[in-house]
Amino acid sequence: MMEATWQTLATWFGPTWPAVWVLLKIIALLIPLMLAVAYLTFAERKVIGYMQVRIGPNRVGPKGWLQPIADALKLLFKEVIFPTQANKGLYVIGPIMALTPALLAWVAIPFGENTWIANLNAGVLFVLAVTSLEVYGVIIAGWASNSKYPFLGAMRASAQMVSYEVAMGFGLISVLLVAGSLNFIDIVHSQAQGRFAEMGLGFLSWNWLPLLPLAVVYFISGVAETNRAPFDVVEGESEIVAGHMVEYSGMAFALFFLAEYANMILVSFLTSIFFFGGWLSPVGFLPDGLHWLLIKAAVFLFLFLWFRATFPRFRYDHIMRLGWKVFVPITLIWLFVVTVWLLSPLSIWR
Amino acid sequence: MVENYFPVFVFLVVALLFSMAPLLLGRLLGPSRPDPEKLSPYECGFEPFEDARIRFDVRYYLIAILFILFDLEIAFLFPWAVVFKDMIAEGAHAFYVFGTVMVFLAVLVIGYIVEWKNGALDWE
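Listed in order, the protein sequences are those of chains A and B. The first sequence begins at 1 in our numbering and counts up by one. The second sequence begins at 1 in our numbering and counts up by one.
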């Protein structure tokens, strides 16, 4: 039935069919992603609400379920302010530079054995390169606003983001060492091998166990990279109001928000793929599938929210110390350990 | 191989449009009532004073330089990490695949220790 429908559509569009097909796949990714972003903001308010013994938003729609829609509509009808002192062109480019890479990175993420938009053989490199571009959105926004809080916020944000990118990158080298590939699907496959996987205890052969320090460093760096609590000095409202977003209003502000939440979801997916076996089932008797990837990502997203409700904000010098003096040495030492492990007869990755 | 990147370009265009559309919609649907006070830089209600492009701490600059060094290092190690297992399996001598990179890493680590001792990583 489905096959026949695709066939008819393919004949309809003729030579433009590949482009249309890609476009359909992109829409099939973007709509759930945007819904996930919207409902992540709702989940955040609910989860933090319950953690603080409140009930969170419950007025708009049944049990508050239309709250994110109402938020989006409200922002849509708010004035977009262009401050007189701002550099107009750069001021507009800022939010666009923040959201575009946050969305673009998703093109390389696989959701299953055959479910992907682009199966790049250098997928990890692509995602790393694209997510690095996000820092430009922050810097451009902070600079173009021509105001003191955004400027200071942008300086802090960019220094913090690049510092944790180093720790993330060094952590990933060990993942690549044991997987022997830059392709996401190969990285997931490499985690399905080993003694435990043959015994039907797949979750013990995933990367998180042999690379435990790196899995922890990677996820915490991801939290710092997305400027989320407890590393949210960028928008420490008690010090610099909202950092680089101070001068933005309405939809321009919403774009930064979308980018931040899309990045949170991205980091959760990447952690699941690199260290927790992606769509692989944790036990042998249950089939693999997309639902496992979604469950794992949901757990990490919950951790993001839990962190925000639990930890007080780090001081800026502590953040930089954690990144450069704790995470970088840990990843370097573990890189050495993994290399020696791979060379030794005890290697579990043959 | 290149056709694998075709969806990436399509996605780039879609993502750009997707980022610009809300800005345009917001501009069209939202009100526009400019006011000199509203459009002045936000400084917690005070009159904005001095230029916003102030001098900033040189340590941010230092972090940027260190980042370039370390990120380059990562970029160099990526290809090595990808072929490491294959080269071992093909029976390459451990010195070539392990020793050379360890020398490379040692140079970086010495530099890292020097930075640490010089206080380039301190923020007090």
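The set of hints was computed from the structure by calculation and includes no laboratory data. Owing to the predicted nature of the structure, the values given are computational and were not obtained by experimental measurement. Be aware that one or more of the hints could be misleading.
Unchecked claim - For lysine to any residue, the following SDA-like pairs were computed, each having C-alpha atoms within a straight-line distance of at most 20 angstroms:
| hint | chain 1 | residue 1 | chain 2 | residue 2 |
| --- | --- | --- | --- | --- |
| 1 | A | 325 | B | 111 |
| 2 | B | 117 | A | 317 |
| 3 | A | 25 | B | 38 |
| 4 | A | 25 | B | 117 |
| 5 | A | 25 | B | 111 |
| 6 | A | 74 | A | 88 |
| 7 | A | 325 | B | 12 |
| 8 | A | 25 | B | 36 |
| 9 | A | 88 | B | 75 |
| 10 | B | 38 | A | 241 |
Between the alpha carbons of residue 38(B) and residue 241(A), is the straight-line distance 20 angstroms or under?
17 angstroms, holds
Measure nothing beyond the straight line between the CA atoms of residue 325(A) and residue 111(B); if it is 20 angstroms or shorter, mark the hint as holding.
14 angstroms, holds
Can you confirm whether the C-alpha distance between residue 88(A) and residue 75(B) stays at or below 20 angstroms?
35 angstroms, violated
Take the C-alpha atoms of residue 25(A) and residue 111(B), compute the straight-line distance between them, and say whether it is at most 20 angstroms.
47 angstroms, violated
Residue 25(A) and residue 38(B) were given as a pair; does the straight-line alpha-carbon distance stay at or below 20 angstroms?
Not OK: residue 25(A) and residue 38(B) at ~43 angstroms, beyond 20 angstroms, violated.
Taking only the CA atoms, is the gap from residue 25(A) to residue 117(B) under or equal to 20 angstroms?
Violated - the C-alpha atoms of residue 117(B) and residue 25(A) are around 52 angstroms apart, more than 20 angstroms.
Please work out if residue 25(A) and residue 36(B) have their alpha carbons no farther apart than 20 angstroms.
46 angstroms, violated
Hey, residue 325(A) versus residue 12(B), does the alpha-carbon distance stay inside 20 angstroms?
Judged against 20 angstroms, a Cα distance of about 37 angstroms means the pair is violated.
What's the verdict on residue 74(A) and residue 88(A), does the C-alpha distance respect the 20 angstroms limit or exceed it?
24 angstroms, violated
Need the status of pair residue 117(B), residue 317(A): alpha-carbon distance at most 20 angstroms?
Given pair residue 117(B), residue 317(A) holds - Cα atoms ~17 angstroms apart, limit 20 angstroms.
Of the numbered hints stated above, those contradicted by the structure are hints 3, 4, 5, 6, 7, 8 and 9, listed in ascending order.
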